Amino acid sequence: MEYQNKQPPEGINTSKQHPFKEFSTLLIAALALVFIATLVLGVGGGWLAGKLPISAENKIAALYDITQHTDTAEHPKLAKYLQSLADKISKAQNLPPDMHITAHYMNSPTVNAFATLGGNLFIYRGLLERLPNENTLVTLLGHEIAHVKYRHPIKSLGRGVLVGIAMSTGSANAQILGDAGLLTVLKFSRDMEKQADKEAMQTLQTLYGHIDGGAKLFKIFHEMRDSMDADEPAELFSTHPLDQDRIDSFTQTAKQKGWSETGNLTPLPDFFEKAFE
Amino acid sequence: MEQLIATLVFVTLGFFFGRRAEKKHYTSLIEREEKLNALPVIASRIPPYDAPYEQSLVSGSVVIANDYFKAFVAGLRNLFGGKVRSYETLLDRARREAVLRMKVQAKKQGADYVFNVKFETSNISGQYSKKLPIVEVHAYGTALKKIA
Numbered sequence: 001m002e003y004q005n006k007q008p009p010e011g012i013n014t015s016k017q018h019p020f021k022e023f024s025t026l027l028i029a030a031l032a033l034v035f036i037a038t039l040v041l042g043v044g045g046g047w048l049a050g051k052l053p054i055s056a057e058n059k060i061a062a063l064y065d066i067t068q069h070t071d072t073a074e075h076p077k078l079a080k081y082l083q084s085l086a087d088k089i090s091k092a093q094n095l096p097p098d099m100h101i102t103a104h105y106m107n108s109p110t111v112n113a114f115a116t117l118g119g120n121l122f123i124y125r126g127l128l129e130r131l132p133n134e135n136t137l138v139t140l141l142g143h144e145i146a147h148v149k150y151r152h153p154i155k156s157l158g159r160g161v162l163v164g165i166a167m168s169t170g171s172a173n174a175q176i177l178g179d180a181g182l183l184t185v186l187k188f189s190r191d192m193e194k195q196a197d198k199e200a201m202q203t204l205q206t207l208y209g210h211i212d213g214g215a216k217l218f219k220i221f222h223e224m225r226d227s228m229d230a231d232e233p234a235e236l237f238s239t240h241p242l243d244q245d246r247i248d249s250f251t252q253t254a255k256q257k258g259w260s261e262t263g264n265l266t267p268l269p270d271f272f273e274k275a276f277e
Numbered sequence: 278m279e280q281l282i283a284t285l286v287f288v289t290l291g292f293f294f295g296r297r298a299e300k301k302h303y304t305s306l307i308e309r310e311e312k313l314n315a316l317p318v319i320a321s322r323i324p325p326y327d328a329p330y331e332q333s334l335v336s337g338s339v340v341i342a343n344d345y346f347k348a349f350v351a352g353l354r355n356l357f358g359g360k361v362r363s364y365e366t367l368l369d370r371a372r373r374e375a376v377l378r379m380k381v382q383a384k385k386q387g388a389d390y391v392f393n394v395k396f397e398t399s400n401i402s403g404q405y406s407k408k409l410p411i412v413e414v415h416a417y418g419t420a421l422k423k424i425a
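Protein chains in written order, with the numbering used here: chain A, 1 to 277; chain B, 278 to 425.
Calculated from the structure, these hints are not laboratory results.
Remember, it's a predicted structure, so these values are computed and weren't measured experimentally.
One or more of the hints may lead you astray.
Stated by the list, open to error - Counterexamples of contact, computed for chain A against chain B with all Cβ distances above 12 Å:
| no. | residue |
| --- | --- |
| 1 | E2 |
| 2 | K16 |
| 3 | I28 |
| 4 | T110 |
| 5 | G126 |
| 6 | L131 |
| 7 | R190 |
| 8 | L242 |
| 9 | Q244 |
| 10 | D245 |
| 11 | G263 |
| 12 | P269 |
Claimed, not checked - Each pair of labels, with its calculated beta carbon distance range:
| no. | chain 1 | residue 1 | chain 2 | residue 2 | range |
| --- | --- | --- | --- | --- | --- |
| 13 | A | M224 | B | T284 | 30 to 38 Å |
| 14 | A | D248 | B | K360 | 50 to 58 Å |
| 15 | A | Q17 | B | V381 | 27 to 35 Å |
| 16 | A | Q17 | B | K385 | 34 to 42 Å |
| 17 | B | E310 | A | S24 | 43 to 51 Å |
| 18 | A | V43 | B | S402 | 36 to 44 Å |
| 19 | B | G358 | A | V43 | 23 to 31 Å |
| 20 | B | K360 | A | G44 | 15 to 23 Å |
Using N, Cα and C, we set each Cβ at its ideal position, and we do this for glycine too.
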C-alpha cells in the first residue's frame with residue numbers, strides 16, 4: 001500500500017473571516033481616529049494661536065511681501081479712501097493699539113473680500129462695484145475688521161498648521177505655513193462669521209446711528225449666487241451662515257437693541273465708480 | 278480628489294481580482310497537495326539509516342505579488358495593531374506553493390522522502406517596499422532516494 005500523508009485541515013494558518021469585514025471595521029475606526037485627531041488638533045491649534053501676541057502675528061505676516069500681489073499702488077485715490085474708512089472703523093471697534101488694519105485693493109472681477117494675518121484686508125473690484133453706498137461698504141469692512149479684531153485669521157491658521165504638522169508627521173517646516181497660505185482665503189468657522197456680523201452691525205450703529213444698508217451686503221451675495229445659478233450649500237456643510245439668516249439677523253438685532261433699521265444712507269464719493277473704469 | 282478616486286479604483290480592483298486569484302489558487306493548491314501527498318516531506322534533520330540513500334538538494338520557490346486591497350487593509354492595520362489577516366492568506370499560499378514545487382522536483386528524481394525541509398521568506402520589492410510588497414517564499418530540503 002502506498003504511503004498517504006493526511007491533508008491538514010484548512011483555516012488554521014489563515015482566517016476564514018471575509019476580508020471585507022476587516023476592511024470596513026478598520027476603515028471606520030481609522031476615519032473616526034482622523035476625525036477626532038483633526039478636531040482635537042484643530043481646536044487646540046486655534047486656541048494656542050489665539051494666545052500669540054499680535055506682534056508675533058505681524059511678524060508672520062511680514063514674511064510675505066503682500067504688496068506685490070495687490071493693485072493698491074495703481075489706484076491711490078480709491079486705496080486712500082478704503083484705508084481711511086478702515087481706520088475709522090478700527091477706531092469704532094476699539095482695536096488694540098498694536099493691531100493695524102491695512103486695506104489692499106485687488107483689481108479683479110472676483111466678488112470677494114477677506115481678512116488675513118497681520119490685519120491685512122483684501123477687497124476685490126468685483127465686490128466694490130456692486131456696493132450701492134458707504135453704509136454697505138462699512139458693513140463689509142466692519143465685518144472683515146472684526147475678523148482681525150477677534151484674531152480669526154491666526155486662529156484658523158493655527159488650526160491648519162497643527163493639523164498639517166500632524167498629517168505630515170515630522171516635516172514641520174515653513175512649507176506648512178506656506179501651504180496653509182497667507183494669501184489664500186482662510187476658512188473661518190460659522191461662529192466666527194456670526195461674531196464678525198455682529199461686530200459689523202455694532203460698527204454701523206456707532207458710526208451712523210442706524211444699521212440701514214447693512215443687510216444689503218448679504219442681499220448682494222445672495223443675488224450673485226442666484227445669477228450664477230449656484231445653490232447655497234446646506235447650512236450643515238457651510239462655514240458661512242445662510243444669506244437669508246444673516247439678512248434676518250439684522251432685523252432681529254435691531255429689534256433687540258432698539259436700533260433703527262432705516263436712516264440716511266451716505267453715498268459713495270464721486271471718484272468711486274470712476275475708479276473702476 | 279483624483280488620488281482618492283484612483284485609490285478607490287485600485288482597492289476595488291484589488292479586492293475582486295485578488296480574491297478571485299486567491300480562490301483559484303487555493304482550489305489548485307488543495308488539488309495538487311492531494312496528488313502529491315504520498316511523498317513525505319519531513320522537517321527532521323536526522324535521515325533514516327535503514328538503507329543507503331542517494332541525496333540531493335531540492336527546492337521550490339514562488340514569488341507572489343500583493344494587491345492594493347491587501348496593502349490598504351494592512352496599512353490601516355498598522356494604525357491599530359493586531360493580526361494582519363489579509364497577509365496571512367498571501368503567505369500561506371506562498372508557502373504551500375513553494376512546498377508543492379519542491380515536491381514536484383523531488384518526485385521527478387524518484388525520491389522517497391524529502392528531509393530537513395526549511396523555508397526562507399524574503400521581500401523582493403526593493404525600494405518600493407512601502408508601496409506593494411512582493412514576497413518570495415523558498416522551500417528547500419534534502420531529497421532521499423533509496424539505492425536499490
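Here is how each hint holds up against the structure:
Consistency note on E2(A): stated as away from chain B, yet its beta-carbon is not over 12 Å from all of that chain's, at 5 Å minimum. The beta carbon of K16(A) sits about 9 Å from the closest Cβ of chain B, which is not more than 12 Å, so the claim that it is off the interface is violated. For I28(A), the condition that its CB be more than 12 Å from all CB atoms of chain B is violated, with the nearest at approximately 10 Å. At the 12 Å boundary, the C-beta of T110(A) stays outside the reach of chain B, the nearest C-beta of that chain being 23 Å off.
Against chain B, the non-interface label of G126(A) holds: every CB pair exceeds 12 Å, the least being about 27 Å. No Cβ of chain B approaches the Cβ of L131(A) within 12 Å, the least distance being about 35 Å, so the stated non-interface status holds. Taking the minimum C-beta to C-beta distance to chain B, about 24 Å, the non-interface status of R190(A) holds against the 12 Å cut. Under the 12 Å C-beta cut-off, the non-interface status given to L242(A) relative to chain B holds; the minimum distance is some 26 Å.
No Cβ of chain B approaches the Cβ of Q244(A) within 12 Å, the least distance being about 30 Å, so the stated non-interface status holds. Listed as outside the interface, D245(A) is consistent with that label: its C-beta sits roughly 30 Å from the nearest C-beta of chain B, beyond the 12 Å cut-off. With 12 Å as the threshold on Cβ separation, the claim that G263(A) sits away from chain B holds: the shortest Cβ distance comes to roughly 48 Å. Under the 12 Å C-beta cut-off, the non-interface status given to P269(A) relative to chain B holds; the minimum distance is some 45 Å.
Look at M224(A) against T284(B): about 36 Å separates their beta carbons, and that is inside 30 to 38 Å. At about 56 Å, the beta-carbon gap between D248(A) and K360(B) stays in the expected band of 50 to 58 Å. Checking the proposed 27 to 35 Å range against Q17(A) and V381(B) shows it holds: the Cβ atoms sit about 32 Å from each other. At about 38 Å, the beta-carbon gap between Q17(A) and K385(B) stays in the expected band of 34 to 42 Å.
Remark: the range hint 43 to 51 Å for E310(B) to S24(A) is contradicted by a beta-carbon distance near 32 Å. At roughly 40 Å, the beta carbons of V43(A) and S402(B) sit within the given window of 36 to 44 Å. Take G358(B) and V43(A): their Cβ atoms lie about 27 Å apart, and the range 23 to 31 Å holds. Look at K360(B) against G44(A): about 34 Å separates their beta carbons, and that is not inside 15 to 23 Å.
The structure fails hints 1, 2, 3, 17, 20 (numbered hints given earlier, in ascending order).
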